[in-house]
Every structure is written in structure tokens, then in C-alpha cells.
Amino acid sequence: MKLDLKKLKLRKVNEQLQNIDRKINNRNFTIINPEGNHAVCAGLTEELNINIKGHVGYYCAGMNQRANITIEGNVGTGVAENMMSGKVHVKGNASQSAGATAHGGLLIIDGDASSRCGISMKGVDIVVKGSVGHMSGFMSQAGNLVVCGDAGEALGDSLYETNIYIKGKVKSLGADCVEKKMDKKHIKKLNLLLQEANINDQKAESFKRYGSAKTLYNFKIDNISNY
Amino acid sequence: MCGIVGIYLKTKKFENNLGKMLSGMLNNMESRGPDSAGFAIYKNSDRKEYKYSLCINKLDFSKFKKNISQKIKNLKLNQYSDHVILKTTEKPKKFINLINKEFPEISIVGYGHSIEIFKQVGNPKDVVKKFNLESFSGTHGIGHTRMATESAITTDGSHPYSTGEDECLVHNGSLSNHNNLRRELKKKGNIFTSENDTEVAAGYVSNSLSNNKSLKNTLVSGLKDLDGFYTFIAGTRKGFAVVRDEIACKPAVIAETKNYVAIASEFQAMAHLPDVNNAKIFEPEPGIVYSWGN
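In the order they appear, the protein sequences are chains Z and G.
Under my numbering, the first sequence has 26 at position 19, and the numbering climbs by one with no breaks.
Under my numbering, the second sequence has 1087 at position 188, and the numbering climbs by one with no breaks.
By construction, these hints were calculated from the structure, which means they are not laboratory data.
Treat the numbers as computed from the prediction; the structure is a model and nothing was measured.
Heads up, a few of these hints could be off.
[Said to hold, decoys possible] 30 angstroms max Cα-Cα, derived BS3-like pairs, lysine-lysine:
#1 G:Lys1179 <-> Z:Lys174
#2 G:Lys1115 <-> Z:Lys176
#3 G:Lys1137 <-> G:Lys990
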């Protein structure tokens, strides 16, 4: 079904997609003329296939559960923020805070993502085919952040259990973020993610893994001057 | 919050549509700044003549016309609501002194050979309509929709700020060292008419340009001297530039085609622009100055 945001109100389109009858089998939708609108396809909870043709604004596919959403264009701040499950695929570039606080699912960005990609992520897998900006993976708690290009300043600052895999250069590491050994299980997981993102020209072995040194997990009196 | 927009035309193709393109951008940025709006339009024009953009506030236009015509000969006046574009060969120093002395109720919003500036409190859609922005032509333009945070909702607190000949600046963000910087610039001879932080940034740019620094180099040194959050768009007679601070909390997106460069806080501001879906669209990187023209 085709939904034209030039003719239909955004709220109407989102309401329709958020309230799909479980008995309905036609689950393929195309959204045309998104024109940079905010919160397109936010809060979807059902298994749907949605193709958005054009550029969107902030918080596209936010809080997504189960839906498979493809954006044929660029996305603004906070794409797939707080996603729980499902898949969001951005064919262009993403603005800041892509996949912020997301708990699950897969976010694929074909272009670059700007600053704070995966900030406070809580279990989502993010695969960026281009590069990411500064403060990416800031305070990230769980999940995997894969970057085929370079990473900006202060990568993984104050992170917890997230694994960050970078193919290119890292401008600088944030507090408590260190390079870690790639074990077999990491290579296996990374290969799986690259496969899911349809990336066939990269080998997991050529990536470096970054994670938490865990020195900030507990309060230390020696660090008092840093607070 | 605040919304900022700008267009720089690389070819002559859209010169007659500049006002229309810019008004659509301002209208779409209403959600980011409903308190006041303003815009600056640059047109190629006579280099002997000066254009003064005046907000006459509550002063009666015909009365002003009569009085000013007695004091200055050979002037042309165009009225746009409560703004007047006054053209004369009179030099800025003398003219500004005259206006300040004889017509204290008038605010001078800008002057130069090619710039025309309009700004007023109110919803952007109303402001755009009031000044009939759609009818303007030009080579480049800059606009702003304001959500007032650090100073009052007044015409003086509205953007763009113009503190030098054919210069203007719009700002999304806030500066933390503007009081200190204002004091320093005052010592160097800059004059400020408001308590607004952006006016200080505009004054900083004017001061640097008057020392023969290029717009690009001015903004590069501004990255060190201006402390706070910002995305700036700055315009000069032939130049156009954008810069974001190094933290880059304040958004900006650029769309570039072979005919124009457009900048806005959000993509939705430029979704109506011709051929935008085939434009090169990217976010300006933190701490990097992007400039066109000179």
C-alpha cells in the first residue's frame, strides 16, 4: 500500500501503521514524500515491511518493535532511538545519536553516522558502512557497534559491556575505553553481523575490537578530582 | 532552540526565486522559533549608493519621509510595513549619526551596498508575509526564526544581526563568554545596541573583517574565541559561510546542487527546494568552517 505524506497527515499515517489488525496479511507499505518530517514510523509494534522513499527528520522509527523499515534517503537525529526489536536500514547518511538507548534489533546505516552514534545503547546491533562522528558509543551498555570506516574523537567514552568493532582509524578513545583482543566468539559474532548487513567485502579479522577497561565501574577515592 | 536557514546561489538560474525559496525555508522553521523572525537578502546593486534598512517602529512613514527629505537630498524610500529601505549616497557614519540624533525611535537594522534586512517579533509566517519576502530577488539570503532564551522578545533581540557594512550573522545556540567579549570589543570601538549574545558574535566578525581577515579565517579564529553552543551562518557582500562549534549539539544540514547551496537547521526546511532530492546532502562537521564566495 502506498502512503503519500503530501496528501495524508503524518499523525494519520503513524496511527494507521501503529494499529494494524493482526489478521491482515498485507504488510507491505511504501511511504512517499516524507519531506524531512519528524517521527515518521515511530512506535510501530507489528511485523511490517515499510519502505520510505526520501529523506526524513528526527526520531524516524523510534521505539520500533518487530517492523522492518528501510529509508531510501538520509535520516535526522535519533533514528531508531530506543528500538526494541526489528530492523531499520538507512540507505543514506544518519545525523547524530543514531540508535540512541536502543535495546534490541538491528540498525544498518549505508552512509556515515555523525556524532554520538549508539549513545547509551542497551543491546541493539548497529552496523555503519561509512564512518561515525565524535563521542560514538558514549556510555553504551550492551550490544555491538560495527563501523567499517573511521571513528571520531572520544570513541566509547565511559562505556560498559558494548563491543565496538572498527575497521578504519580511531581519532581518539574516550575515558575507560581500550582496545581488546578479538577472540573466536567475537569473530563469529562480527561475521554474522556483517552477513546480516549484506557486507561481503569485509573480513571480521581486519577489524579491531574496543571495550571497557572497567576502571570506572566502581567509585574510587583516587578519582575524586575528576568529578 | 531557534531555526536558521540560508541560500547561496552559485548560478543566476534562481535569482528571481530567491525570496520564494527563502520564505518557504523560514515558514518550515516555525516549529523551532515562533517568537520572532528575520532575514537578510543580498542583491547586486549600485556601489556608489548606500542602502539603509530601517525599522521605523511606530513613527508615521509620511512624516518620516517629509522630515528626512528636508535633511538629505536625493534619497529614495521604499516602505515594507514598519521597515523602510532608504537609498542615498550619504556615507554611513554621517547618516547613522543623523538618524540616531533626529529620529531616536528608529532602529537601524543594517546597511551596505547590497544587503537589505528585515526582522520583527511574531510568528515567522506572519513576518514573511508582512515584508512580502516572496517577491524578493537576489544572490544570497540568510534567515532566522527565534525561540528567545537569553534576552527579551524584541526587534532588537531578533536576528539577523548586522554590525558592519553588508555583513550579517544568524545563530542557533547560546554563548557563554559574550559579556567579556562585548567589553573587549567595546574597547576596540564596536557599538552594541542590545544585550543579545549573537550581536557580540556579529561584532566579533565585523571587527575581524575590518582588520582585513577573510570571512573563513574570521570564523576559524572564532572557534577559539567564542565559547558556547552554536551553528552560525554568516553573510558578506560576496561571501557565505557556516560553522558549528566542536561539540556540535546544534544541528545543521547542507544541500548542494550545481545551482545553489542551502543550509538549514533541519532538512524539512529545504524539502521544497528545486531538485533537492538529487542534491548532495551532508551535515557540516564540528569545528570546520564551510564557505562559498569570498
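Quick rundown of the hints versus the structure:
no.: 1; hint: G:Lys1179 <-> Z:Lys174; in the structure: holds (26 angstroms)
no.: 2; hint: G:Lys1115 <-> Z:Lys176; in the structure: holds (28 angstroms)
no.: 3; hint: G:Lys1137 <-> G:Lys990; in the structure: holds (21 angstroms)
Checked against the numbered hints listed earlier, the structure breaks none of them; every hint is satisfied.
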